[in-house]
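To convert, note that position 63 of the sequence shown is 63 in this note's numbering; the numbers rise steadily by one, no gaps.
Simulated from the structure, these hints should not be mistaken for laboratory data.
Glycine included, every Cβ here is placed at the ideal spot set by N, Cα and C.
Worth double-checking, as some hints may not be accurate.
The calculated label-pair distances, taken between Cβ atoms and stated as ranges, are [to be verified]:
| id | residue 1 | residue 2 | range |
| --- | --- | --- | --- |
| 1 | Phe181 | Ala27 | 14 to 24 Å |
| 2 | Ala19 | Val142 | 39 to 49 Å |
| 3 | Ser28 | Leu109 | 17 to 27 Å |
| 4 | Arg145 | Lys4 | 35 to 45 Å |
| 5 | Pro30 | Phe144 | 13 to 23 Å |
| 6 | Ala148 | Gly5 | 40 to 50 Å |
| 7 | Ser11 | Pro147 | 45 to 55 Å |
| 8 | Ile12 | Met38 | 20 to 30 Å |
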Amino acid sequence: MKSKGIISNFSIFEIVIIALMAALGLASKPIVVPLAHMITAPLFIPGGAVAGGFYMMWIVLAAALVNKRGAATLTAFAQSLMIMIMGSFGSHGAISVLTYTLPGLMVDLCFLVFRRQITIPLDFFVAGIIANLSGTYLSNLVFFRLPAIPLTLSLASGALSGGLGGIIAYYISKKIADLGFDRYEGVNK
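Given these sequences and hints, build the entire structure.
Below, the structure is given as structure tokens:
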């Protein structure tokens, strides 16, 4: 018996949603990161910690809209492949696969362990925090190796930013549902 791959669990429409969210996440990064650097540079905190919440929200939104296990991981993995192929803003070469995919994987693992879907504002908030904290911490391990106090500030600002990004993702998903595009029935058909 042939085993199914992760992509075979998703419809074409869901894959389009995932690709769209991955592209929006990458498109927002060059806009958000320089703005975040203006705030974080004087504190010696990497700007990605603050900016991350606002481009990680697209991973959370993809997971909520598609509403299937693995959607966040697939979105983050698609981002890593796009960033490597395009060699654009935020590319770290082959290590990008790890640094970009981990936040999506952590969101999927968390909601798998707690046997939940991303449905209420608290779920979105927690998913945003998990995505941005894992990305911030891994980036610190791989690239920055900050001392304890700047690392703590970086993780705290990353958690706040991730939570806010999750709340923004909630309101975007709510607006999409208000437009008649129900995330539980419309996407999964």
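> Which numbered hints turn out to be false for this structure?
Replying inline: Going through the list in order, the structure violates hints 2 and 8 and respects the others.
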